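Can you build the whole structure from these sequences, using the hints too?
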Amino acid sequence: MNSKMSKLLAVLLALMLVVAFVPACGGAEEPEEPTDEPAVEEPAEPVLKAAMVTDVGGLGDKSFNDLAYEGLKKAEAELNVEIKVLESKEITDYESNIDQLATAGYSPIFAVGFLMTDAIIKMAPEYSDVQFGGVDQFYEEPPANAVGLLFKEHEGSYLAGVVAGLATLDTFDDKLNGDNVIGFVGGMDVPLIKKFEAGFIAGAKSVNPDVKVISLYAGNFTDQAKGKELGLSLIEQKADVIYAAAGAVGLGTIQACQEKGALFIGVDADQYLTVPGSGDVMLTSMMKRVDVAVFDTIKSAVDGTFEGGTLKTYGLAEGGVDLAPFHDFEDAVPQAIKDAVEKARADIIGGTIEVPES
Amino acid sequence: MLGDIITPDLFASAFRMATPLALAAIGGTICERSGVVNIALEGIMLTGAFFGTAAVLATGNPWIGVLAAMAAGVAIASVHAFASINLRSDQVVSGTAINLLALGVTGFLMEFWYGHPGTTDPIAVLRPIFSFTSPGGGFFAEIWRWFNGIVLSHTPIVYITIIIAVLAQWALYRTRWGLRLRALGEHPRAVDTVGVNVYRGRWIAVLMSGALAGLAGANLTIEQVGSFTENMTNGRGFIALAANIFGRWTPAGSYLASLLFGFADALQIKLQVFRDVITVPPQFFLMLPYVLTVIVLAGVIGRAIAPAAVGQPYKKG
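Chain order of the listed sequences is G and L. When you line the first sequence up against this note's numbering, it's residues 4 to 361, in that order. When you line the second sequence up against this note's numbering, it's residues 97 to 413, in that order.
Quick caveat, the hints were computed from the structure, so don't treat them as lab data. These numbers come from a predicted model, not from an experiment. Don't take each hint at face value.
Here's a subset of chain L near chain G, in silico, CB distances under 10 Å, partners left out [as the list claims (entries may be wrong)]: (1) L106; (2) L199; (3) G291; (4) S323; (5) N327; (6) A360; (7) L382.
Cut-off 30 Å, straight-line C-alpha distance, at most; resulting in silico cross-link-like pairs (BS3-like, lysine-lysine) [unchecked claim]: (8) K125/G with K178/G; (9) K76/G with K87/G; (10) K197/G with K52/G; (11) K10/G with K52/G; (12) K215/G with K366/L; (13) K77/G with K315/G; (14) K125/G with K263/G; (15) K263/G with K366/L; (16) K178/G with K197/G; (17) K197/G with K411/L; (18) K77/G with K178/G; (19) K125/G with K92/G; (20) K366/L with K241/G; (21) K241/G with K215/G; (22) K178/G with K366/L; (23) K208/G with K366/L; (24) K341/G with K241/G; (25) K87/G with K77/G.
Cβ coordinates follow ideal geometry from the N, Cα and C atoms, glycine included.
Okay, here's the thing in structure tokens:
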């Protein structure tokens, strides 16, 4: 064929290539996720389609993102909602993931993590008929179609601090040493994680004023090896109870506790259940019921009571945060500690104690 | 307080954190000395870590995991070797592509084989070789405590790394093989004229770097953490590149530079403990490896000169 034809063919082929790529780009790899679950009974069309975008930690962090996903799955099972998850591998994926979901007709869309706050503020007005839920996202002026789902992590952490502060003085387990030191491992040094730290310290000092609390930060939420080094460092400093608010980093700290002998307090999910083999060090966990928040928001969307433009805060009173059961330590933990936790819980809900946020 | 910061554990921690960096950096040294740029150390390390963990989960034997990690490292490095040497493509592009490939493949296989993303189940790990107690007090007991803590408390691969560093330094500068390797990176045309096969020499170098970076991944997962998490290498491969450059493209230099960076990381953690007394932002230590490398490259403190022909594909004839 002559050169004009071949040029035309080349342009056509190039266009076909571009068109083929458009659905594939935007957002990182999608996990093989339960849209291939055989629909047990899906009688009618799903009531609506809900989706979530994870933070860079991704699913499988055994805490934060996994819990949000639990809420989504519960909605799928109980409310007949079609769900989808997109994982962000890089910070640059946030907006393209939200974009992809919004264009595909998902609403409400949950952006799971405070790092996505700006992405939601920017994109919510662009998709004004889509509902957004921002987990851990504080908006100065919430967009009309977005609801910020906040938690009183400091309240739950206060209870964790009460447990740690009393446990370190006690000897109900041989991993507890005679020194009055406890530890905190934080992910990133940001106001959100500071809430965990502040509540923890306040709770510990309320029952054990002389306790020494050492706080170490990893600088990210993914470096497990770093988490183990931080744990080893804390244990070397004689900490015998360590509370980690650091996503996957905490998984490394659990390792350190198992290797060198210390007790661990998990975060977000009941990590006794989510981290296999950790039962020998998992004293309790500070649960952040992201699943409850996600489920409730989807339910409100289904019922037509979605409150866009607001911030919803889930604390001890609303059951949004709480301590997990002691599991393997249930019999070992003295009644005095359990009573102290009850008292603190009642005081916070009643308003007698105000827990600091920083 | 100084006594709380300068402890045996600080230096032991430095060795622990330096080991994966050093292995990857020495691999980088060998590879770049032969003339092939290897940006893919991060991806190879991650691949090695994943397949090492997978092998231990399948067989229950950590040493099989180590071998599997090295084999996986060699396998993925061969992709880089083929692209860079045989196809003469841009080596930086090829390396970057492998980094992305490794991230994707490990994540995908984790989902595919284990049914969930994130972190695998815990695996059998390699324990420290010796475990002596540090009894009593007194002067000699204190010396013993320090010696035990810093020298005797490590897992096997940490010691293997030191041996590899010494061996590689000797091999590179005291054997004929080492001379030829360095010549490949400085003036491949001359080596070709003498009759040595340039392609084969470079292939071997790249595959060796693959094995070493794979071993680094094995250290990370089988010795340090005990499970695999997506993207767990977290940029260590790039710090290894910096260590290689800072070490002036020698194995001993790479090891010492890695030790320096590992020490800085360990120190940063210790200093955080005393955050109320000494305030040094942890980010300062995170940027330290890169700042040092830029300084060395700029020639402010000594000068690091790359092998002359590094990064240039060689065409025979």
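Verification of the supplied hints:
The interface hint given for L106/L is met, as the beta carbon of that residue sits about 9 Å from the closest beta carbon of chain G, less than 10 Å. Below 10 Å, beta-carbon pairs count as interface contacts, and L199/L has one with chain G at about 7 Å; its hint therefore holds. Checking G291/L against chain G: minimum C-beta separation of about 45 Å lies over 10 Å; hint violated. This hint holds: S323/L has a C-beta 7 Å from the nearest C-beta of chain G, less than the 10 Å allowed.
Contact between N327/L and chain G, as hinted, is supported at the beta carbon level, the nearest pair being about 6 Å apart and thus within 10 Å. Of the supplied interface hints, the one on A360/L is violated, with its beta-carbon coming no nearer than about 13 Å to a beta-carbon of chain G, more than 10 Å. Satisfaction of the interface hint for L382/L is found here, the shortest Cβ-Cβ separation to chain G being roughly 6 Å, below the 10 Å cut-off. At roughly 49 Å between alpha-carbon atoms, K125/G and K178/G are farther apart than 30 Å, so this suggested pair is violated.
As the CA atoms of K76/G and K87/G are separated by approximately 9 Å, the hinted pair is consistent with the 30 Å bound. With a C-alpha separation of about 35 Å, the suggested pair K197/G and K52/G falls outside the 30 Å cut-off, and the hint is violated. About 44 Å separates the Cα atoms of K10/G and K52/G, which puts this hinted pair outside 30 Å; it is violated. Between K215/G and K366/L the CA atoms are separated by roughly 16 Å; this keeps the pair inside 30 Å, and the hint holds.
A C-alpha spacing of about 20 Å is found between K77/G and K315/G, which places the hinted pair at or below 30 Å, so the restraint holds. Between K125/G and K263/G, the direct Cα distance comes to roughly 47 Å. Violation of the 30 Å bound is thereby established for this hinted pair. Among the hinted pairs, K263/G with K366/L is consistent with the structure: their alpha-carbon atoms are about 17 Å apart, no more than 30 Å. Between K178/G and K197/G the alpha-carbon distance is near 27 Å, which keeps this suggested pair within the 30 Å criterion.
For the hint pairing K197/G with K411/L, the CA-to-CA distance comes to about 58 Å; that exceeds 30 Å, so the pair is violated. The straight-line distance between the Cα atoms of K77/G and K178/G is roughly 38 Å, outside the 30 Å bound, and the hint therefore fails. Between K125/G and K92/G, the direct Cα distance comes to roughly 20 Å. Compliance with the 30 Å bound is thereby established for this hinted pair. Distance hint between K366/L and K241/G is fulfilled; the C-alpha atoms sit about 13 Å from each other, no more than 30 Å.
For the proposed pair K241/G and K215/G, the alpha carbon gap of about 10 Å is at most 30 Å, so the pair holds. Proximity of K178/G to K366/L is assessed by CA-CA distance (about 22 Å); at most 30 Å being required, the pair is judged to hold. At roughly 23 Å between alpha-carbon atoms, K208/G and K366/L fall within 30 Å of each other, so this suggested pair holds. Distance hint between K341/G and K241/G is fulfilled; the C-alpha atoms sit about 24 Å from each other, no more than 30 Å.
With a CA separation close to 13 Å, the supplied pair K87/G and K77/G stays within the 30 Å bound.
The earlier numbered hints that this structure contradicts are 3, 6, 8, 10, 11, 14, 17 and 18.
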